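Number of protein chains: 2
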Amino acid sequence: MIGTPILPEIRELIEKRNFSALQRLFNDWLPVDLAELISDLPESEQAILFRLLPKDVATETFEYLELDAQQNLLNALTQKDVTHILNSMSADDRTALLEELPGTVVQELLKLLSFKEFKIAKTLLAYAEGSVGRLMSPDYLSVKMDWDINQVLEYIRTFGHESETLNVIYAVDDHGKLVGEILARDLLLSLPDRKVSDIVSDEDKMITLTATQDQQDALEAFKRYDKVALPVVDSNGYLIGIVTVDDMLDVAEEEETEDIQKFGGIEALDEPYIDVPLLQLVRNRAVWLVVLFLGEMLTASAMTYFEGELAKAIVLATFIPLIISSGGNSGSQAATLIIRSLSLGEITIHDWWNVMRRELLSGLMLGGILGTIGIFRVVFWAMLLSHYTTTWLLIGFTVGLSLVGIVLWGTIAGSMLPLLLKRMGLDPATSSAPFVATLVDVTGIIIYFSVASLLLKGSLL
Amino acid sequence: MIGTPILPEIRELIEKRNFSALQRLFNDWLPVDLAELISDLPESEQAILFRLLPKDVATETFEYLELDAQQNLLNALTQKDVTHILNSMSADDRTALLEELPGTVVQELLKLLSFKEFKIAKTLLAYAEGSVGRLMSPDYLSVKMDWDINQVLEYIRTFGHESETLNVIYAVDDHGKLVGEILARDLLLSLPDRKVSDIVSDEDKMITLTATQDQQDALEAFKRYDKVALPVVDSNGYLIGIVTVDDMLDVAEEEETEDIQKFGGIEALDEPYIDVPLLQLVRNRAVWLVVLFLGEMLTASAMTYFEGELAKAIVLATFIPLIISSGGNSGSQAATLIIRSLSLGEITIHDWWNVMRRELLSGLMLGGILGTIGIFRVVFWAMLLSHYTTTWLLIGFTVGLSLVGIVLWGTIAGSMLPLLLKRMGLDPATSSAPFVATLVDVTGIIIYFSVASLLLKGSLL
Numbered sequence: 083m084i085g086t087p088i089l090p091e092i093r094e095l096i097e098k099r100n101f102s103a104l105q106r107l108f109n110d111w112l113p114v115d116l117a118e119l120i121s122d123l124p125e126s127e128q129a130i131l132f133r134l135l136p137k138d139v140a141t142e143t144f145e146y147l148e149l150d151a152q153q154n155l156l157n158a159l160t161q162k163d164v165t166h167i168l169n170s171m172s173a174d175d176r177t178a179l180l181e182e183l184p185g186t187v188v189q190e191l192l193k194l195l196s197f198k199e200f201k202i203a204k205t206l207l208a209y210a211e212g213s214v215g216r217l218m219s220p221d222y223l224s225v226k227m228d229w230d231i232n233q234v235l236e237y238i239r240t241f242g243h244e245s246e247t248l249n250v251i252y253a254v255d256d257h258g259k260l261v262g263e264i265l266a267r268d269l270l271l272s273l274p275d276r277k278v279s280d281i282v283s284d285e286d287k288m289i290t291l292t293a294t295q296d297q298q299d300a301l302e303a304f305k306r307y308d309k310v311a312l313p314v315v316d317s318n319g320y321l322i323g324i325v326t327v328d329d330m331l332d333v334a335e336e337e338e339t340e341d342i343q344k345f346g347g348i349e350a351l352d353e354p355y356i357d358v359p360l361l362q363l364v365r366n367r368a369v370w371l372v373v374l375f376l377g378e379m380l381t382a383s384a385m386t387y388f389e390g391e392l393a394k395a396i397v398l399a400t401f402i403p404l405i406i407s408s409g410g411n412s413g414s415q416a417a418t419l420i421i422r423s424l425s426l427g428e429i430t431i432h433d434w435w436n437v438m439r440r441e442l443l444s445g446l447m448l449g450g451i452l453g454t455i456g457i458f459r460v461v462f463w464a465m466l467l468s469h470y471t472t473t474w475l476l477i478g479f480t481v482g483l484s485l486v487g488i489v490l491w492g493t494i495a496g497s498m499l500p501l502l503l504k505r506m507g508l509d510p511a512t513s514s515a516p517f518v519a520t521l522v523d524v525t526g527i528i529i530y531f532s533v534a535s536l537l538l539k540g541s542l543l
Numbered sequence: 083m084i085g086t087p088i089l090p091e092i093r094e095l096i097e098k099r100n101f102s103a104l105q106r107l108f109n110d111w112l113p114v115d116l117a118e119l120i121s122d123l124p125e126s127e128q129a130i131l132f133r134l135l136p137k138d139v140a141t142e143t144f145e146y147l148e149l150d151a152q153q154n155l156l157n158a159l160t161q162k163d164v165t166h167i168l169n170s171m172s173a174d175d176r177t178a179l180l181e182e183l184p185g186t187v188v189q190e191l192l193k194l195l196s197f198k199e200f201k202i203a204k205t206l207l208a209y210a211e212g213s214v215g216r217l218m219s220p221d222y223l224s225v226k227m228d229w230d231i232n233q234v235l236e237y238i239r240t241f242g243h244e245s246e247t248l249n250v251i252y253a254v255d256d257h258g259k260l261v262g263e264i265l266a267r268d269l270l271l272s273l274p275d276r277k278v279s280d281i282v283s284d285e286d287k288m289i290t291l292t293a294t295q296d297q298q299d300a301l302e303a304f305k306r307y308d309k310v311a312l313p314v315v316d317s318n319g320y321l322i323g324i325v326t327v328d329d330m331l332d333v334a335e336e337e338e339t340e341d342i343q344k345f346g347g348i349e350a351l352d353e354p355y356i357d358v359p360l361l362q363l364v365r366n367r368a369v370w371l372v373v374l375f376l377g378e379m380l381t382a383s384a385m386t387y388f389e390g391e392l393a394k395a396i397v398l399a400t401f402i403p404l405i406i407s408s409g410g411n412s413g414s415q416a417a418t419l420i421i422r423s424l425s426l427g428e429i430t431i432h433d434w435w436n437v438m439r440r441e442l443l444s445g446l447m448l449g450g451i452l453g454t455i456g457i458f459r460v461v462f463w464a465m466l467l468s469h470y471t472t473t474w475l476l477i478g479f480t481v482g483l484s485l486v487g488i489v490l491w492g493t494i495a496g497s498m499l500p501l502l503l504k505r506m507g508l509d510p511a512t513s514s515a516p517f518v519a520t521l522v523d524v525t526g527i528i529i530y531f532s533v534a535s536l537l538l539k540g541s542l543l
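Heads up: the sequence lines are chains F and E, in that order. Going by the numbering used here, the first residue of the first sequence is number 83, and it counts up by one from there. Going by the numbering used here, the first residue of the second sequence is number 83, and it counts up by one from there.
It should be emphasised that the hints constitute simulated quantities derived from the structure, not laboratory data. All figures in this text were calculated on a predicted structure; none of them were measured in a lab. One thing to keep in mind: the hints can contain errors.
Identical copies carry no separate label here, and so any pair may be met within one copy or between two of them.
In silico EDC-like pairs for lysine to aspartate or glutamate, Cα to Cα no more than 16 Å straight-line [unchecked claim]:
(1) K309 with E142
(2) K287 with D221
(3) K305 with D332
(4) K344 with D509
(5) K539 with D299
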C-alpha cells in the first residue's frame with residue numbers, strides 16, 4: 083500500500099481487535115506509511131499497533147514516526163522493546179530523538195544502550211544542535227588503498243549490512259586518515275582484479291565536512307557537488323562519520339521554514355505550528371510585534387509635529403494609510419527579492435551599486451505608476467462628488483508626488499537594508515517585511531507632509 | 083582546488099595569455115569550480131578558457147555553467163565542439179538548456195544531435211515546463227528477473243558507463259514493464275550466484291512517478307521515501323526514465339524561491355534577480371502593487387466617512403498609522419505561520435477550528451500586550467508634555483481597545499484567509515503579507531473610529 087492509508091478500514095479492524103487481519107495488512111505496507119498511520123492514532127492505540135509490526139520493519143518504522151509518537155512509545159513499550167529499538171536505530175535518527183527529550187530521560191535511555199552504541203550516542207550529542215555532527219552517522223565502510231576489488235566486495239558482504247549507505251565507501255590510510263572515496267558506480271564498473279587505488283577519487287578533489295560546521299554548510303556542499311553522501315573528518319583529516327543526502331531534503335525544509343518565519347516577522351519556531359505550546363507561540367510573535375510597535379510609535383510623534391497642517395487640511399489625513407502602505411509594500415517587495423538573491427548567492431554585497439541602480443529605476447517607475455493612479459483618484463473623486471476646485475488638483479499632485487517619493491524610498495530602503503545588515507555581519511533576513519514597512523511608514527509621513535507644505539502653502543496650508 | 087577560485091591569479095595568467103599554466107592549473111579543479119570560474123568571466127574570454135579544459139571534464143563543466151555562459155559558448159565554440167557537447171551532456175541538463183532558448187535556435191541545435199539523442203531530446207521537450215518529464219533522464223539500466231547477479235554485474239560493466247546512476251537499477255519483464263528495483267547496496271551485499279528475483283524490491287512496494295506529474299510531487303516523494311532515484315513510468319507501467327535526487331535539491335530551491343517571492347507580494351521571477359530585464363522586474367512587481375493600491379484606496383474612503391469625527395479630534399488621526407500597522411503586522415505573522423504549516427502538511431483545512439481557537443487566544447494576548455503599551459504611551463506622553471486631562475485617559479483607552487480589536491482581527495484574518503483560499507482550491511500563498519496587511523488596514527480604520535465614537539461621544543466627539 084502506497085500513499086495515504088485507508089483509515090476507516092483500519093479503524094474498524096482496531097475496534098474489532100482483529101489483530102491477525104491488521105498484521106496481514108501491515109505486511110504490504112512501507113515503513114514510512116506505517117509510521118504515518120501510527121502517528122495519526124490516539125496515543126493509547128499506538129503501542130498496540132506498533133507491537134503488531136513485522137520484526138524486520140519495526141525499527142525503521144519507529145525512525146519515521148513523529149516525535150510525539152516516538153516519545154509516547156518509549157513510555158508504552160516494554161524495556162526490552164525500547165532497548166532493541168534504541169540499539170538498532172540509525173545513529174543520526176537516534177540523535178534527533180534524544181535531543182528533543184529532557185536530560186533526565188536521556189540519561190535513562192542511554193543506560194539501555196550497548197557500550198558501543200552508548201559511546202556513539204554520547205559523541206554525537208556532544209555536537210551543537212544544527213551542526214553537521216548531529217546529522218552524522220558513524221556507520222560507514224572504509225577500505226585500504228592496496229586492496230583489490232575482490233577483497234573490497236568480500237569485505238562489503240561481511241561488514242556492509244550495518245552501513246548507512248553503500249553508494250559510496252571510503253579509502254583510509256593505516257592510521258584512519260581519509261585518502262579518497264569509492265563510488266558504488268566505480269566498484270560495479272571495474273573488473274574484480276583492479277586495485278582500490280585505481281578507482282579511488284583524486285585526494286585533492288575530495289569534498290569533506292567537519293562535525294562542527296553548520297548544517298546549512300552541508301546543504302550548500304550537497305547542492306553544489308551533487309553527492310549522495312559526504313565524509314565528515316576531524317581537524318587532522320581522520321574520518322569520523324558520514325552525512326547522507328536524504329537528510330539534506332529535511333535540512334532544506336527546516337532552513338526554509340526558518341527563513342520564511344523570520345521574513346514574516348516571527349522568531350522561528352522549533353516545532354510544527356500546531357504542536358508549539360500557546361504561550362511560546364505568543365512569545366515568539368510578541369517579541370517582534372512589540373519592537374515594531376515601539377518603532378511605529380514614531381509615526382504618532384511625526385504626525386503630532388504636523389498637527390497644525392492637519393488641522394488646516396483634514397483631507398490630508400484621509401490619504402495617509404494609502405500613501406504609507408504603498409511605501410511599505412514596495413519596500414517588502416524589494417527586501418524579499420534582495421534577501422532571497424543574497425541567500426542564493428546570485429548577488430553579493432559588492433553588487434550593491436548595481437542593485438541600487440536597478441532599484442532606483444524600478445522605484446521611479448513603480449512610484450510613477452501609483453502616483454498617476456493616485457492623482458486620478460483624487461481629482462476624479464472630487465469631480466464625481468461635484469465639489470471639484472483647483473485646490474483638488476493641488477491635493478492630487480501632493481498625493482501623486484508623495485507616492486513617487488515614498489515608493490522610491492521604500493524600494494531603496496528595502497533593497498539596501500539587507501545588504502547593509504549583511505555588511506555588518508548580521509542576518510539579512512532580519513529585515514523582514516514588517517520591519518521594512520515600519521521603517522518606511524515613519525519616513526513616509528515626513529515625505530508626505532513636506533510635499534504638502536511645498537505644494538499647498540498659500541492655498542490649503 | 084575546492085571552493086571559490088583564486089581569481090586574481092587566474093586573471094594574471096589570462097592577461098599574459100599563459101595558456102599552458104592555466105591548463106596545468108585546471109587539471110586539479112572540479113568541474114563545478116571550473117564552471118563557476120568561467121561563468122564569472124567576461125563573455126569574450128569564456129570560450130578561450132573553455133577550450134583549455136581537459137577533454138574528459140569539458141562536457142561536465144558545461145553542464146554546471148550558468149545559462150548565460152552556456153548560451154554564449156554555443157555561439158562562440160566551433161560547430162564540432164557544440165555537436166560533441168550536446169550529444170554527450172546528460173539528457174536532463176540538455177533539456178534545461180534547450181527550454182530557455184528561442185524556438186529557432188533549438189531547431190538548429192537539434193539538427194546537430196545524433197538520431198538517438200535527437201529522439202530523446204524531442205521526447206523530453208514535449209513535456210510541460212515544471213513537470214517530471216523535464217527532469218527525467220532516459221539513461222538507466224534495466225535487467226531481467228531470471229538473471230543471476232554475475233550476469234547483472236557483467237551487464238553493468240558493459241553498458242553501465244552511460245547510466246545516470248548505478249545506485250539503483252531496475253528489473254523489467256520481457257515487455258519492458260517495470261517489476262522491481264535493485265539497489266547497488268543489495269547488489270554488493272549478495273553472493274554472485276543469487277538471482278535478481280532474490281534481491282529485487284517487492285513490486286507492490288515500488289514508488290514510481292509519471293512524466294506528466296508536477297516536479298513538486300517528485301520532491302514530496304523523494305522527501306517521504308528517502309530514495310536516491312525514482313523510476314518514471316507511462317500509464318501502462320512501462321519504464322521510460324529515471325529522476326535522481328541531486329536534481330531535487332535544485333527543485334526544492336526553485337520552489338522555495340517561488341514561495342518566498344509570492345509571499346513578499348511579487349509575481350515569481352523566472353530568472354535570478356540580477357538577470358531579469360528591468361522592465362520585466364517592474365512588471366512583476368507592479369501587478370501586485372497596483373492591486374494592493376486599489377484595495378488600500380478604501381482606507382481613504384473609510385476615512386472620508388469619518389471626516390466629521392476627525393475634524394473634531396485631530397489627535398485621533400495621529401494614531402492611525404500606529405494602529406493599522408499593528409493589525410497588518412499581526413496579520414502577516416499569522417498568515418506566515420499558517421501558509422507554511424499548510425505547505426508542510428502539518429495542518430489541513432480540517433484543522434480550521436483548532437487553528438481558529440489558537441489564533442483567537444493568541445490574538446487576544448498579543449492585542450492585550452500592544453493595547454497596554456498603547457494606553458501608557460498616550461497617557462504618559464500627555465503627562466510628560468503636562469497637558470494631561472481626563473480626556474487623554476479616554477483617548478488612551480480608545481487607542482488601547484482599538485489595538486486589541488485590530489490585532490485580534492489581523493490574527494484571525496491572517497490565519498483564516500490561507501485556509502479559505504485552500505478550501506476554494508486556490509494557492510494559500512497568494513495571501514501574501516502585503517495582501518493581508520491591506521485587508522486589515524481598511525477594516526482597522528472602521529474598528530478604530532467605531533471604538534472612538536463609543537468612548538469619546540460627549541467628550542471629544
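Homomeric proximity label, K344 with D509: Cα distance no greater than 16 Å: For K344 and D509, the Cα distance is within 16 Å only inside one copy (10 Å; across copies 21 Å).
When no copy is specified for K305 and D332, does a C-alpha distance of 16 Å or less occur within a copy, between copies, both, or neither? Classified as both: same-chain Cα gap 13 Å, cross-chain 7 Å, threshold 16 Å.
Please sort K539 with D299 into within, between, both or neither, judging by C-alpha distance up to 16 Å. neither (58 Å within a copy, 61 Å between copies)
Can you give me the call for K309 and E142, within, between, both or neither, at a CA distance of at most 16 Å? For K309 and E142, only the inter-copy Cα distance (14 Å) is at most 16 Å; the intra-copy one is 24 Å.
Up to 16 Å between alpha-carbons, please classify K287 paired with D221: within, between, both or neither. Result: close neither inside a copy nor across copies, 23 Å intra and 26 Å inter.
Going down the numbered hints, you'll see the structure goes against 2 and 5, while the others check out.
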